[in-house]
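A.B. asks: Now for the letters of each chain:
There are 2 protein chains.
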Amino acid sequence: MERFFDPQSVVVVGASNTPFNLGSTICNMLKDYLHYDGNVYAVNSKGEAVNGYPGYSSIPDLPQTPDLAVIIVAARHVPGIIRDCARKGIRHVVIESAGFSEGGEIGEAMQREIDAIARQNGIRMLGPNCLGTLSSRNKFCCFYGVNPSLVEMNQIFESPGSISYIIQSGGVVVLTLESLYYDLVGVNKVVSIGNKCDVDEADLIEYFQKDETEVIGIYLENIADGRKLMEAARKSRKPVLVYKVGKTKEGAQAAMSHTAGMANNDRIFDAACRQAGIIRLQSIDELHSLPKIFTEMPLLKGKRIAAFTNSGAFGGISADLLVQAGLQMVRLSPQTQEKLKKVGQVFNIKNPVDIGPAPPQTYLDIFEILLSAEEVDGLLPLLSVWQPFVIDCLLELMKICKRYEKPAAIYTPNAISKSVAIRARHRLPIFETTEQAVRALSVSQTYFASLLKRNLTGDRPLWGAGLNTDHRSTGEALS
Amino acid sequence: MERFFDPQSVVVVGASNTPFNLGSTICNMLKDYLHYDGNVYAVNSKGEAVNGYPGYSSIPDLPQTPDLAVIIVAARHVPGIIRDCARKGIRHVVIESAGFSEGGEIGEAMQREIDAIARQNGIRMLGPNCLGTLSSRNKFCCFYGVNPSLVEMNQIFESPGSISYIIQSGGVVVLTLESLYYDLVGVNKVVSIGNKCDVDEADLIEYFQKDETEVIGIYLENIADGRKLMEAARKSRKPVLVYKVGKTKEGAQAAMSHTAGMANNDRIFDAACRQAGIIRLQSIDELHSLPKIFTEMPLLKGKRIAAFTNSGAFGGISADLLVQAGLQMVRLSPQTQEKLKKVGQVFNIKNPVDIGPAPPQTYLDIFEILLSAEEVDGLLPLLSVWQPFVIDCLLELMKICKRYEKPAAIYTPNAISKSVAIRARHRLPIFETTEQAVRALSVSQTYFASLLKRNLTGDRPLWGAGLNTDHRSTGEALS
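Same order as they appear, the protein sequences are chains A and B.
Just so we're aligned: 421 in our numbering is position 421 of the first sequence, and the numbers increase by one with no gaps anywhere.
Just so we're aligned: 73 in our numbering is position 73 of the second sequence, and the numbers increase by one with no gaps anywhere.
Source of the hints: derived by calculation from the structure; they are not laboratory data.
Misleading hints may appear alongside valid ones.
[To be verified] In silico DSS-like cross-links for lysine-lysine, where the CA-CA straight-line distance does not exceed 30 Å:
id	chain 1	residue 1	chain 2	residue 2
1	A	249	B	31
2	A	301	B	249
3	A	418	B	418
4	A	303	B	341
5	A	301	B	247
6	B	139	B	303
7	A	249	B	339
8	B	303	A	247
9	A	247	B	341
10	B	31	A	418
11	A	247	B	88
12	B	303	A	249
13	A	350	B	247
14	B	31	A	31
15	A	249	B	350
If we strip away everything but chain A, and leave its shape as in the complex, we get:
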């Protein structure tokens, strides 16, 4: 599987100098954006070179056997090309061309044909009808059609992160990467699986157990093999977040015209997810907004939450949302209330704790009191950033969370643009709405409960995804 993400040599079949040629966009990205240092070959009818990469008119002519073939030609040519790959000894193929099982009977027949050829020759296949792979650490990407709006993807390669995505649709890949760019956590690997004729989401969940991945985000339009997926998820020691289209009959039908899935029964899927510890996402945005609760904060090990706010209104809102999310507004003990009273400037020493104008030390004292309290499992701090020192307090809060191994889901009631700017500048895991912050706590607790049920907690510190402290400090990959 590694060769899909870190090939030492690649052939792009279908790359040419014809205007609007899609294969050439892959060559351009490898050369100009990524400065990829492996060998790259172009195959096209004229055998012409593309952006300096040598060109050949057929795969058998290549001077070596590349680790990976990326195919982006009209669907009808693909079966012949797979045969050529087999003959040349190529064992990893990404088929980006569309026009297979998502496009009617002829396409279906062709997909069966390439499947048979690949199986007979021990070829692992990604796609067809997909965007390919990206690995930030290996500085490799074979997405086609990268355009100016994605140039900012450079950021992805400069600051590799710990989320890996398995995404059935190219459009969702682009949206998610773009959104993540404005969020906190970086990308490890991305793979678009399209019609997933061979490699599917279950294979990839398994693969992501052994690399730098801390959180696995998945977007599915259909389930290839439900039993296999659930088995892979059940064994996963990393949170598996899934958004699935097709909750309704109409949604399933629309998805079918896109990546050729069968309609799956959504209720059964939902129950299976709960069994396997899969976290089902409520919106596509959660693919980029939720992972930070796992990567930046300890897991939430119980349901008792203390809310803390310097703008009273949000206390009521957060109490509503916490209860609706299945969490509890903790009843603070008399001792805790007594400590809060001594801090001074506290309007309300019961939960939600509400303060007026106060110096930074007041904030820190309250964080300490609440997170050290035995009855409190986690914190929901809702702090309007009307004074810059609030940011320093939040940075300090991160340390207190680590000390007590309890999470805080931070929300700063400001216009989203301002919150996004503060988050980026100060590397603070700030959520964008009260709803999102509460949801993050709920998901963290659900995940912790599923680890317990699956006997996967072990004796490791349950910080972040529960396993990542080692490679973070050494910069090395887990094995």
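Once you've looked at the hints, dock chain B against the given chain A.
C.D. replies: Relative to the frame of chain A, chain B by itself:
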């Protein structure tokens, strides 16, 4: 009521030069930000001038009877001040001080006392425990504590708009105005009602029927008089959007410590809202994100929606969301499908209509075909902005919507920062997620149905809130 928003003279009781004095922030805003041209007086114990506004040591000393008194002193002094106001003939008072019924028995007694004095003397009172009023067209605002983060409020006064807000909490006022700054629609008036001892949400709904308001946004922590509110809403010819805290027992309790409301039964409230045509908001963000579907688009008069996308994935997602929101994925007629086929470059001529790379004219042809189709009530265009011409197409779409009197809820699947920038630069009503766009359609249709039920459709064009075309073209207020 007009005097609360457009007084010709004001006294700020409690404004002084003491450090951190809150009343002085009101004087500073009137003078330095708003260049308010009425008379302003400060009342404080020393009788000192504040930022050039003449100071007096008591209300009876004032050289005239001001239209409005803004009171921001310790709660225990307020009853005496109200008596002074009565003696001086002041008939409109904003009490911004906290420490009344939200703060225990003594506060409750004081609130009853000021209520009695005001009633006996025919004084209309806003608050206590509130932030006051803002009127963009009159360039008036008596909020206290305006700080650098609100300087951008200047924008509010430079581009008056058509949303008026009734908000029980100061914190929510600040968040909503800040968020609206990055959204499309401008503000008309804002009023924070706090403990609403006298003037309440129902009075204000009635008042907003007669000014430039097109949409009324309300944030409530409790209901003062349910029957009165529902009666005012039922008669409203402008959409009334309400977010209410206290859906759960815990939320209601938390709200009580903030603005002193009684817990209200949420289910009864919900049913009453449906009866009265009130649109209940699902999140605070909807206070700023939803109004544009009313101000920028015709109402949705039926439930049959066509989705259109240039990134297949979003077709499936939107079908799911539309059906879950109670709308329908329209089954396109054979004639409509035939027309779409003739356009070319259409992957899927059934709903969701999905296209690949195509020139601008293709987009415009499809918009025209779908919006002119008798079976289509509204459009959900989900267009990735990967080519600048998409923006021109969307601007053209606005005109087509107006021609056929059918709305489109636009979503451009891009990172939120990019969508926000495009929206502002091109004045396009772009929603921030698929969920938000679908929700806007659903709300528009619900509102139209309630107008029908309440016999309020009349024979006016149902563009925007159904009443606003006149003053938009002439720039004048409706009477």
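A.B. asks: Are residue 31 of chain B and residue 418 of chain A close enough, with their CA atoms no more than 30 Å apart?
C.D. replies: Measuring from Cα to Cα gives roughly 27 Å; hence the hint holds.
A.B. asks: Between the alpha carbons of residue 249 of chain A and residue 31 of chain B, is the straight-line distance 30 Å or under?
C.D. replies: Judged against 30 Å, a Cα distance of about 60 Å means the pair is violated.
A.B. asks: Does the structure keep residue 31 of chain B and residue 31 of chain A at a Cα separation of 30 Å or less?
C.D. replies: Violated, at roughly 60 Å.
A.B. asks: Holds or violated: are the alpha carbons of residue 303 of chain B and residue 249 of chain A at most 30 Å from each other?
C.D. replies: 17 Å, holds
A.B. asks: Is the Cα-Cα distance between residue 301 of chain A and residue 247 of chain B 30 Å or less?
C.D. replies: 26 Å, holds
A.B. asks: Tell me if the straight-line CA distance from residue 301 of chain A to residue 249 of chain B falls inside 30 Å.
C.D. replies: 24 Å, holds
A.B. asks: Hint check: residue 350 of chain A vs residue 247 of chain B, CA-CA at most 30 Å. Holds or violated?
C.D. replies: 19 Å, holds
A.B. asks: Would you check the hint for residue 249 of chain A and residue 339 of chain B, treating anything up to 30 Å between C-alpha atoms as holding?
C.D. replies: Judged against 30 Å, a Cα distance of about 26 Å means the pair holds.
A.B. asks: Quickly compare the C-alpha distance for residue 303 of chain A and residue 341 of chain B to 30 Å and report which way the hint goes.
C.D. replies: 55 Å, violated
A.B. asks: So if I understand the rule, the pair passes when the alpha-carbon distance is 30 Å or less; does residue 249 of chain A with residue 350 of chain B pass?
C.D. replies: 15 Å, holds
A.B. asks: Taking 30 Å as the top limit, are the C-alpha atoms of residue 247 of chain A and residue 88 of chain B close enough?
C.D. replies: 66 Å, violated
A.B. asks: Would you mind confirming whether the straight-line C-alpha gap from residue 247 of chain A to residue 341 of chain B stays at or under 30 Å?
C.D. replies: Given that 30 Å is the threshold and the Cα spacing comes to 29 Å, the pair holds.
The structure shown violates the earlier hints numbered 1, 4, 6, 11 and 14.
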